[in-house]
Amino acid sequence: MRGFLTTPVLCLAFGLAMAPVAAGAADAVAVMADACAGCHGTDGHSVGGMPAFSGKKADELKKVLHDYKSGSREATVMDRIAKAYSVEQLDAIADYYASRKK
Numbered sequence: 003m004r005g006f007l008t009t010p011v012l013c014l015a016f017g018l019a020m021a022p023v024a025a026g027a028a029d030a031v032a033v034m035a036d037a038c039a040g041c042h043g044t045d046g047h048s049v050g051g052m053p054a055f056s057g058k059k060a061d062e063l064k065k066v067l068h069d070y071k072s073g074s075r076e077a078t079v080m081d082r083i084a085k086a087y088s089v090e091q092l093d094a095i096a097d098y099y100a101s102r103k104k
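Heads up: the sequence shown begins at 3 in the numbering used here, then just goes up one per residue.
Hints listed in this document are in silico derivations from the structure and should not be mistaken for laboratory results. Do not rely on the hints blindly, as some may be mistaken.
[To be verified] Listed below are the simulated DSS-like cross-link pairs for lysine-lysine, each with C-alpha atoms no more than 27 Å apart in a straight line:
#, residue 1, residue 2
1, Lys64, Lys85
2, Lys58, Lys85
3, Lys103, Lys59
4, Lys85, Lys71
5, Lys104, Lys71
[Unchecked claim] What follows is a list of derived Cβ distance ranges for each label pair:
#, residue 1, residue 2, range
6, Arg82, Val31, 18 to 26 Å
7, Glu76, Asp29, 27 to 35 Å
8, Lys104, Gly73, 16 to 24 Å
9, Asp69, Ala37, 16 to 24 Å
10, Gly51, Ala30, 27 to 35 Å
Keep in mind that this is a model prediction, so the values were computed, not measured. Glycine included, C-beta positions come from ideal geometry on N, C-alpha and C.
Modelling step: build the complete structure from the supplied sequences, incorporating the hints.
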């Protein structure tokens with residue numbers, strides 16, 4: 003009985019351990035964009051006072067993110083968050099959310 007349970011448990015543990023690696027390798031942009039979900043909701047579908055940005059035009063999102071990064075757009079938190087990303091990463095995140103359905 004012990005051997006009967008050991009193999010499935012080890013397979014499950016290995017699969018769970020490898021899931022973040024596979025997700026990061028397969029879609030690094032989705033992993034970066036997932037950091038936005040805490041405030042802006044899953045896939046950019048905000049339910050609170052934060053702006054929803056799923057389905058918005060990529061150029062519009064890029065401008066807003068670049069403005070936060072440069073400091074030309076003030077915010078309580080977003081300006082500091084945007085500064086932690088490269089321009090290329092912000093562009094990739096904007097493209098990701100532009101591809102999401104409203």
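Against the structure, the hints:
Between the alpha carbons of Lys64 and Lys85 the distance comes to roughly 13 Å, so the proposed pair stays at or under 27 Å and holds. Between Lys58 and Lys85 the CA atoms are separated by roughly 22 Å; this keeps the pair inside 27 Å, and the hint holds. For the hint pairing Lys103 with Lys59, the CA-to-CA distance comes to about 11 Å; that is within 27 Å, so the pair holds. Restraint check: the Cα-Cα separation between Lys85 and Lys71 comes to about 5 Å, which is no more than 27 Å; the hinted pair holds.
The hinted pair formed by Lys104 and Lys71 meets the criterion: a straight-line CA distance of about 25 Å does not exceed 27 Å. Distance hint check: the CB atoms of Arg82 and Val31 are about 21 Å apart, consistent with the given range 18 to 26 Å. Taking 27 to 35 Å as the suggested C-beta distance range, the pair Glu76 and Asp29 conforms, at roughly 32 Å. Lys104 and Gly73 have their C-beta atoms about 30 Å apart, which leaves the hinted 16 to 24 Å range violated.
Taken as a hint, the range 16 to 24 Å holds for the pair Asp69 and Ala37, whose Cβ atoms sit roughly 19 Å apart. About 29 Å separates the C-beta atoms of Gly51 and Ala30, a value consistent with the hinted range of 27 to 35 Å.
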